[in-house]
Amino acid sequence: MARNGLLIQYDWCTGCHACEVACKQEHNYSEGMCGIKVYELVSSSPEKVYVDFVPALTRFCDLCAERTKTAGEEPACVKHCQATCIAYGNLTELGKAMEKQPRSSLFAPK
Amino acid sequence: MAKGKENPVISTLWSAGCGSHGGCGCEIYVKDGKVTRIEGDKNHPFNQGRLCAKGLAVSQYMYHPDRVLYPLKRVGERGEGKWQQISWDEAYDTIEKKFKDIRAKHGAESVIFCQGTGRDIGGPITFLMYAYGSPNWVQVGLAGHACYTPRLGAMFATHGNYCVADCSQFLEKRYDSPEWTPPKYIIIWAQNPAAGCHDGFYGHWIIDCMKRGSKLITIDPRATWFSTRSELHLQNRPGTDGIIALAMLNVIINEGIYDKAFVEKWCYGFDELKERVQEYTPEKAEEISWVPADLIRQAARLYANNKPSAIQWGEPVDAMPAGSVVAQAITQLWSITGNIDNPGGNVIAINSHGVTTYPFSSAELTDLYGADLVKKLNEKRIGANDYPMIKNFRGWVQPDVLMEQMETGKPYPVKGAWIQTSNIIGGQAADPRRHYEAMKKLDFIVCVDIFQTPTTMALADIFLPVCSICEKESFRSWWQPLGVSVKAIPNIGESKSDWEINLEMAKRLATTPVKFNTVRELIDDRLSAGNTNFDKLKAKGGWEYPPVGHRTRPYYRYEKGLLRKDGKPGFETPTGKVELYSKKYEEWGLDPLPYYEEPKESPTATPEMAEKYPLILTTGRRSPVFFHSEHRMIPWLRELDPFPVAEINDKTAASLGIGDGDWVYVENTHGKIKMKAKVTPSSHPKVVSVPHGWWLPETDGRAPNFFSTWDHNVNNLTSMGNQGKSGFGGTNYRSGLCRVQKISGEKE
Numbered sequence: 072m073a074r075n076g077l078l079i080q081y082d083w084c085t086g087c088h089a090c091e092v093a094c095k096q097e098h099n100y101s102e103g104m105c106g107i108k109v110y111e112l113v114s115s116s117p118e119k120v121y122v123d124f125v126p127a128l129t130r131f132c133d134l135c136a137e138r139t140k141t142a143g144e145e146p147a148c149v150k151h152c153q154a155t156c157i158a159y160g161n162l163t164e165l166g167k168a169m170e171k172q173p174r175s176s177l178f179a180p181k
Numbered sequence: 058m059a060k061g062k063e064n065p066v067i068s069t070l071w072s073a074g075c076g077s078h079g080g081c082g083c084e085i086y087v088k089d090g091k092v093t094r095i096e097g098d099k100n101h102p103f104n105q106g107r108l109c110a111k112g113l114a115v116s117q118y119m120y121h122p123d124r125v126l127y128p129l130k131r132v133g134e135r136g137e138g139k140w141q142q143i144s145w146d147e148a149y150d151t152i153e154k155k156f157k158d159i160r161a162k163h164g165a166e167s168v169i170f171c172q173g174t175g176r177d178i179g180g181p182i183t184f185l186m187y188a189y190g191s192p193n194w195v196q197v198g199l200a201g202h203a204c205y206t207p208r209l210g211a212m213f214a215t216h217g218n219y220c221v222a223d224c225s226q227f228l229e230k231r232y233d234s235p236e237w238t239p240p241k242y243i244i245i246w247a248q249n250p251a252a253g254c255h256d257g258f259y260g261h262w263i264i265d266c267m268k269r270g271s272k273l274i275t276i277d278p279r280a281t282w283f284s285t286r287s288e289l290h291l292q293n294r295p296g297t298d299g300i301i302a303l304a305m306l307n308v309i310i311n312e313g314i315y316d317k318a319f320v321e322k323w324c325y326g327f328d329e330l331k332e333r334v335q336e337y338t339p340e341k342a343e344e345i346s347w348v349p350a351d352l353i354r355q356a357a358r359l360y361a362n363n364k365p366s367a368i369q370w371g372e373p374v375d376a377m378p379a380g381s382v383v384a385q386a387i388t389q390l391w392s393i394t395g396n397i398d399n400p401g402g403n404v405i406a407i408n409s410h411g412v413t414t415y416p417f418s419s420a421e422l423t424d425l426y427g428a429d430l431v432k433k434l435n436e437k438r439i440g441a442n443d444y445p446m447i448k449n450f451r452g453w454v455q456p457d458v459l460m461e462q463m464e465t466g467k468p469y470p471v472k473g474a475w476i477q478t479s480n481i482i483g484g485q486a487a488d489p490r491r492h493y494e495a496m497k498k499l500d501f502i503v504c505v506d507i508f509q510t511p512t513t514m515a516l517a518d519i520f521l522p523v524c525s526i527c528e529k530e531s532f533r534s535w536w537q538p539l540g541v542s543v544k545a546i547p548n549i550g551e552s553k554s555d556w557e558i559n560l561e562m563a564k565r566l567a568t569t570p571v572k573f574n575t576v577r578e579l580i581d582d583r584l585s586a587g588n589t590n591f592d593k594l595k596a597k598g599g600w601e602y603p604p605v606g607h608r609t610r611p612y613y614r615y616e617k618g619l620l621r622k623d624g625k626p627g628f629e630t631p632t633g634k635v636e637l638y639s640k641k642y643e644e645w646g647l648d649p650l651p652y653y654e655e656p657k658e659s660p661t662a663t664p665e666m667a668e669k670y671p672l673i674l675t676t677g678r679r680s681p682v683f684f685h686s687e688h689r690m691i692p693w694l695r696e697l698d699p700f701p702v703a704e705i706n707d708k709t710a711a712s713l714g715i716g717d718g719d720w721v722y723v724e725n726t727h728g729k730i731k732m733k734a735k736v737t738p739s740s741h742p743k744v745v746s747v748p749h750g751w752w753l754p755e756t757d758g759r760a761p762n763f764f765s766t767w768d769h770n771v772n773n774l775t776s777m778g779n780q781g782k783s784g785f786g787g788t789n790y791r792s793g794l795c796r797v798q799k800i801s802g803e804k805e
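Quick mapping for you: the protein sequence lines, in order, are chains G and E.
Each residue of the first sequence is one higher than the last, beginning at 72 in this note's numbering.
Each residue of the second sequence is one higher than the last, beginning at 58 in this note's numbering.
Excised from the complex, chain G in its bound form:
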């Protein structure tokens, strides 16, 4: 069976944390539990300081199994990502899309 995953174009991630709260709400996770976490990455060249954010999936990500059973429903983080930088789908197809997308990461959580 074809596996699904998430493709995150993290260059667009602004660190708004909407994905994390969407995930907690969807699963009613308690404190400390969440399927996705956003990290701030600050790096510097001699000329400039760069602020980036990178979301990563944790062991609690189930790709919103209950939710995506309904036709047309996306995982909660995909729907609410304010920068619309998370895509849900078949890993092979996401992998192809990734080839054209700089600064992106592919997650296959289950």
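Since the hints were derived computationally from the structure, they do not count as laboratory data.
Do not rely on the hints blindly, as some may be mistaken.
[As the list claims (entries may be wrong)] Covered by chain G, according to a simulated footprint, are these stretches of chain E (three or more residues, beta-carbon under 8 Å): (1) 104–111; (2) 179–188.
[Said to hold, decoys possible] Derived DSS-like pairs (lysine-lysine); straight-line CA-CA distance at most 30 Å: (3) K108/G - K322/E; (4) K108/G - K91/E; (5) K743/E - K119/G; (6) K272/E - K108/G; (7) K157/E - K130/E; (8) K119/G - K91/E; (9) K130/E - K108/G.
Quick reminder that beta carbons are idealized off the backbone N, C-alpha and C, glycines included.
Mind docking chain E on chain G? Use the hints.
Just chain E now, kept in the frame of chain G:
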């Protein structure tokens, strides 16, 4: 989760609760009378299915164990935290008697009506206030009225309307609208659009535009996600934005790269402006602002040579010395480049369908209540007689003047306060301790809120519990579209909506009978200006844009005669043009042209103070998961931003022996607070950024602790009484001085 059984209610988020200045469409899922979750509404053009962290956490806000669900009266001393549950009748009877007594003895003006930042609250609060007869509508402690009103006033004076960066938000097809084009450049001026809700603007529209080709120029003392992705980052000294705007005007005018045809036909006073900006060279601006002259030149050229381009600005503009002057200069940038009411420029924003939540301007009040009442209100309104711009622009009190008046009782005493959705001591007010000392002496105070806060604990005699966005009917009219908030579940506990409380109270206090029996009648009356009503909007999915050709729809309305009351082409100003030389400022006794003013406390203005307090303190940093002083008690949100932090540059921190995560004192002549150091190169070496509105709801709420507000609220390091000549701006919220010291032995 059995989603089939859930029943989504389509509504609009514009309220305390989500903490939103926005107006996102949402789906409220209800099961067995309980809200199970809230999601974005994919059909709503505003947010297109997305929702921010605060919106997604509304259910935790609604069902929070600390939420106050019944009317309370204070039974101990103020601050003792002893409360007794009472009935609504007893609460209303008590308030009616006290407020009527004050009115009889001291006049209605002796009661002030206080709100926090505006959402759907401006309507209910002014409705009640005018019914009672007081002219004193105020954001208590908001020094220099530094939140959007100075910018609105400057735009009103310059071109008779308000402008916002055009991200297609005025068109229902949004980015697919054929008449829209993305801005070539967006100048992000003193704002982090990803971390807040901004004045009817959804921050991530900027990202949507970037994906459609918009490039960025960022003006910000911090390095941010946006500055990282900007072609130019002007990393300025906080408080000096005015001279950057003036130097950009200098470059654009002297290099002749302004829109000559637009200036010729539609602007007034260009020659005077040209003469004025001659002294503000990029080199002079470099000396003052720390931004290299060449960078200012490049920014000016990129902006002027790439039409259309837009400017999206933030609240720090209001907090500058002479905030209304800085805003005027920035307004002139989009004016002389012809980036006004054009697709992808700064588009004129008028409330959809012409509906307002309640009349804010003198003109609207005159229409509703007559010129006599307006005249009477203006005679008594605190600060109106000291500041013509305050008097003639909007019906607000000048907060710095109020502070003095509360202390001196002159020209008349303040005896009572109705405080609704406002955390004065824990958030909004500069110098909160001074406010606490003055306000605890008032005879009678009502607080209307959802939670106990430092303010309600310190001041309330009666606490009225208000309900959340999902439990009430309301409407949204801020720019576009016109929308309604739909009641999804019965009220929790005995809470009521702001509109319900204020209508019921107005019926008891009004000097002439209130014509509305129900909130629905009142809402429909306001919506009738747009030829619609609550049920029609609800049936349409909760929102509507005005029809094509309506004056509240873009573009180029000045050519079509849609902006002026007399129906002639042009702008709604005395000359009918964009007034680069402002006739209104002149009439109000202000300099008609922009100029630079140095912050009152700065290395230049107060070098001796700067020796002791060498770092510049700015309180503009925002968290994406909190709105002002709200949300610290919401577990899903607090987990993401658990500590009150101070951002300090890594090299600066090292020189002070401060490590990441150390607890530090941030201190200046006004006070001292305790924050956790976030050591990061994204902070300028000479600037300390401290987010505002921090209190700890998990700690003791009683006096003297008041939820630790004295320890962590950065406004304890700010002061009142610095207002600009217009009454607007001049605060030290964004440009004070400080030093930072490690608290030895404390680390987590």
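Against the structure, the hints come out as follows:
no.: 1; hint: 104–111; verdict: holds (count 5)
no.: 2; hint: 179–188; verdict: violated (count 0)
no.: 3; hint: K108/G - K322/E; verdict: violated, 54 Å
no.: 4; hint: K108/G - K91/E; verdict: holds, 28 Å
no.: 5; hint: K743/E - K119/G; verdict: holds, 16 Å
no.: 6; hint: K272/E - K108/G; verdict: holds, 28 Å
no.: 7; hint: K157/E - K130/E; verdict: holds, 18 Å
no.: 8; hint: K119/G - K91/E; verdict: violated, 50 Å
no.: 9; hint: K130/E - K108/G; verdict: violated, 43 Å
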